[in-house]
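Protein chains in written order, with our numbering: chain A, 9 to 480; chain B, 9 to 480; chain C, 9 to 480.
FYI, nobody ran anything at the bench for these hints, they're computed from the structure. The beta-carbon is built from N, C-alpha and C at its ideal position, and this holds for glycine as well. Where hints are given, some of them may not hold.
As the list claims (entries may be wrong) - Distance windows between CB atoms, simulated:
| hint | chain 1 | residue 1 | chain 2 | residue 2 | range |
| --- | --- | --- | --- | --- | --- |
| 1 | B | Ala214 | C | Leu263 | 54 to 62 Å |
| 2 | C | Leu263 | B | Asn476 | 56 to 64 Å |
| 3 | B | Arg475 | A | Glu309 | 25 to 33 Å |
| 4 | A | Asp132 | C | Asn476 | 42 to 50 Å |
What the hints assert, rightly or not - Stretch by stretch, here's where chain B covers chain A in the computed footprint (C-beta under 8 Å, at least three residues):
| hint | stretch |
| --- | --- |
| 5 | 98–111 |
| 6 | 339–348 |
| 7 | 382–391 |
| 8 | 447–453 |
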Amino acid sequence: MPQIASLQPHPDRLLPADPETRAIARRLYDAVRESPIISPHGHVDPRLLAENLSFSDPASLLVTPDHYVTRMLHANGVPLQELGVGQDRLTEAQSRRAWRHLCSHWPAFRGTPVRYWFDSELSDIFGVTRRPSEDNADFIYDQIAACLTKDEFRPRALFEQFGIEVLATTDDPADDLSAHEALAADPTWNARVIPTFRPDRYLEPAQAGWNDNVTLLGEVSGIDVTDYTGYIAALEGRRRYFIDHGATSADHSHLDFRAEPLPDNEAARIYRAARSGRAREAEATAFRRHMLLEMARMSAEDGLVMTLHPGVHRNHHTPTFERFGVDTGHDIPVQVELTRALQPLLERYGTHPGFHLVLFTLDETVFSREIAPLSGFYPSVYAGAPWWFLDAPEAIRRYRSAVTETAGFGRTSGFIDDTRAFCSIPARHDMSRRLDSGYLAHLVAEHRIDEDEATETAIQLVADNPRNVFKL
Amino acid sequence: MPQIASLQPHPDRLLPADPETRAIARRLYDAVRESPIISPHGHVDPRLLAENLSFSDPASLLVTPDHYVTRMLHANGVPLQELGVGQDRLTEAQSRRAWRHLCSHWPAFRGTPVRYWFDSELSDIFGVTRRPSEDNADFIYDQIAACLTKDEFRPRALFEQFGIEVLATTDDPADDLSAHEALAADPTWNARVIPTFRPDRYLEPAQAGWNDNVTLLGEVSGIDVTDYTGYIAALEGRRRYFIDHGATSADHSHLDFRAEPLPDNEAARIYRAARSGRAREAEATAFRRHMLLEMARMSAEDGLVMTLHPGVHRNHHTPTFERFGVDTGHDIPVQVELTRALQPLLERYGTHPGFHLVLFTLDETVFSREIAPLSGFYPSVYAGAPWWFLDAPEAIRRYRSAVTETAGFGRTSGFIDDTRAFCSIPARHDMSRRLDSGYLAHLVAEHRIDEDEATETAIQLVADNPRNVFKL
Amino acid sequence: MPQIASLQPHPDRLLPADPETRAIARRLYDAVRESPIISPHGHVDPRLLAENLSFSDPASLLVTPDHYVTRMLHANGVPLQELGVGQDRLTEAQSRRAWRHLCSHWPAFRGTPVRYWFDSELSDIFGVTRRPSEDNADFIYDQIAACLTKDEFRPRALFEQFGIEVLATTDDPADDLSAHEALAADPTWNARVIPTFRPDRYLEPAQAGWNDNVTLLGEVSGIDVTDYTGYIAALEGRRRYFIDHGATSADHSHLDFRAEPLPDNEAARIYRAARSGRAREAEATAFRRHMLLEMARMSAEDGLVMTLHPGVHRNHHTPTFERFGVDTGHDIPVQVELTRALQPLLERYGTHPGFHLVLFTLDETVFSREIAPLSGFYPSVYAGAPWWFLDAPEAIRRYRSAVTETAGFGRTSGFIDDTRAFCSIPARHDMSRRLDSGYLAHLVAEHRIDEDEATETAIQLVADNPRNVFKL
């Protein structure tokens, strides 16, 4: 092994190894590499940009809040508290310790997308030129920390450097969207930062806090939510408020995809029971499934694109959840079913003009079996980008291989980063562009499409698909 | 982009891009490219050949009846009525309009097998040299329409040009098979066009029309079907009638694979209840599963190869079904299970001499998990070719990759086009030959088998496997 | 075809075909090809080595006991009795006949790992230089039979020639481990042959013989197993006995992964009912799932690595089972679920220091969906090597592709041959090394990791991972 290993992301990284195919892929990638980033769904906090404060320290920026990173370190023996998880603000010693854990466990990330994103981020944003290791952890820490003190590393400067054209955040229906308002009102800020309506916690009576959440919803919307009619009106009102603030989509994440209607009086009865804490589990589930259908109805009426992100067993390890809270790396996928689950919804709204439904999954088996056939018939249905654990090179290739033959390229959503790791946004979009260029080059090299078609498709995947699908 | 894009299917299309592997694949493909086509299962109407009338117009031939095509256009915003779906005969204006929709949505098919088949059909059969587009839609329409007036584009002439040696159709048990008889009696016609026994609608008491169907079965067979014994005898009689007309297989498509015996008196009881319209849903399901087992018993006795095509939720979008009928592009796959479902059937007939069971799936997960292990033990079980949505290049590669290691090449059925799109038959078989050549070349290039073995296997897959599996 | 086909395994076999990637893979493979074999889980009989008798004949060594081989011959029409299955000892005529069946069906194995292992075994161990066929079956038989009479083909000599450093066998809790004791006490024998605790048949009250097995367990352990407390103590005692004889792991194979606690008094009640033959099926299942959790508790306490091999429908074809017994080629995989099934177990022991849980599957869909996310969070969970039907080149590639991006290389178990085919051990480990070298080379060729990292990882997969995961 070399004494000092360098960190130099290769210009051809992720392009196919076969020389002929690689040459085609390079040309396709060149056509999209500099295109602006459209991020129609993600988890960046809008206050980050509204306030534009300097990032505090390397670990708080790159390690602690990123469950992709912390779960792998945890699996490799680092306790979450060593990484600052669950703490508000890290001291320098704490940040440095967390950073050292990352660097000394660098080999654990080989072959993972986290490694790929980090390589790009460290090199392209912070100018790091050495591969992280236990030995150089402090050196790199200091290098990044020095950057973070400079104005060109504040959120807005990075946002512009990243070439982001649209960034959608994910927001609670009760949020007043003041950060979005501030950005929109700021004459020095031109980029589009828009909210997304994320109502899950108002739709699941079985979840802790539902009752308080609904009460809050009533207060924020100024509508009496004593009965079901008011509850529906309050949700509709908040959707309108979000639309007025630029939202184009609503995001839904539940355990399953099922959407099943209840008669209105039955929905009203369960609502009353749930509000007084007397809904049984089966009733709560029925209500949630009914409300998913209601959300589709509202989307058909008000035009908010509906995205569905289901199929995760959240907080698998109770002791970790109790100590560190949600999103700490132990959400584990489960098998999902769409064909039957979505039938009642698609029966009603599948061909409704302007209704858009974007389907995500962590269960790859439904790509070719269910998502592609559905999006290859229903004009409203789009195959969402590979999500979460599947947002990775080999998984993205499997996605294109599984979806394209049945649904083509035009029925896919375009890339969605879905990240709270702000600095990883350009690396993620770049990864997607490289992989799509490679997949298209593979079709060209096998004489399945011509290169001019591949070029046009590569551009559409980056520019047209997300704009059309998310109505941007 | 070039001003005028050409349509020139490349001689090496679908062969692997790596130069060394491609060279091997070319040699393998050369050994099978001209072999006669054996089509042991499909949906071409035998009257097409018996009557040998000219095809009426381009859209009626290539667009309207092909749900692979119409579903994708529908997904991309073209209403089915714009494509002539549900109409008996198209006016020229209607045909032209449908054709224009196809051409103007040509990019929607990039990366799909429909595009691949069309490229071959348009070029090889109709001499089209330009890539379809909105601009040249009428030009190409006229070119095809002019062809269709000529004698060499009548069904029988095309059949011979395609090099088809055997074509199996799919037929209702009540069919008198007069078209097959006419062809067999015609001294000017030498090719083999044989029927296939497809009894689904007589086996599912829960399906609309079952009672009338069974009454018809009794009439056609001349057997009193008042009770279960007569019903069984009538089915056996019609199988015999089909065998006498050249049939070698029976095709079964149900929602699931399950085959479960009922005691004879219980089967008889449910039969009587169903005939008088009083069978409950659970009874109807039990009866269907019992009858699937009965079909296996009959196959073991009379020798008809049993093919199973299960796992589709038919007619997913009710409004489309009600307006346009069945097979209009919204049949959506569901997950299937075979190991337990087929255990009672294989326990009884799995090692029965002469019993052949060909298993198809739209749920790829069962390829390596269930179909390959079953066909790698039971001498009766064959892994059917990739079916429907899976009859596509990447899916076929996944099939070979998933099945071969556990079951070898000899336990697979050989290619089955299963199509009603007559003109796509040569392109579909050619696609399969290219892909199998590529897969075998990959094994040779990695020194896993020798090239003489690969050549022999390529030939067997095209000639021996379908003949042996389907007893042709 | 050539008149006489040769058998010459190519030095580059299984390495990627692309020249640039192949060159990298060759270098990586060179770094591990000669490393000692660590086999932490398999089914070689320890008496083979303790007694060190000559192998009797080619078929008894290479055909009859290997269900990978016999099932494929059976599928291709050879009755199991023709292969000697179910017989104690073969006459020369019987052995020769079985061997001829193998050779005349050589083409049936094309593209399967059995073919790959045989090529290596025949060439590397027995010096066979011709591809087996009907014509040369007797010639090759004689060649192998002649080898088997020589001392250098006795088990211990082969063991040393194979370069095996550690071999774990699989043993019944009631076994006195005298073969292991004999080997450990033998001053002429230096290699490590260790037992594995395999308690399935003591944990499933629904299985035939359970009651007798438990009685035996009580006798062997010298503990009164009249009640549940004694039964638990007897199991703990036998684990301790195995640990004292070198065991480092316990192996568990059940129909599903589910682990669910029962209250102790309920477990005691079912135990008593089962002992008196009055446990209902649901109770027996609940008891088994409770006992799986108990096994995890014991592993957390005594440190035996817990391996789980579930998801097989055993003895699918009853007539074959009744005539020939277990392990005769008709065990068929079923779908499995881990996320929910293992939650109670991981909730309790997932972060327990020193607890190791290695997960195997025959249902590939759980690789990316469940196994990788679990092993990418829980420090105790490791993704087991591709098992049984999946221990094959394409399946191993799918495994690395599905697992690595979410869990990295470090969370995988390293290769496990799990075989009773003694002579296939080196070929199996060699296959794994070639494939991992190819996968790593693919990452290097796409500039995702550097070559020094790939080299280090290749070595770790062969040396460190199995040692660390199995505590060797």
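Enumerate the violated hints, using their earlier numbering and listing them in ascending order. Of the numbered hints, 1, 2, 3, 4, 5 do not hold.
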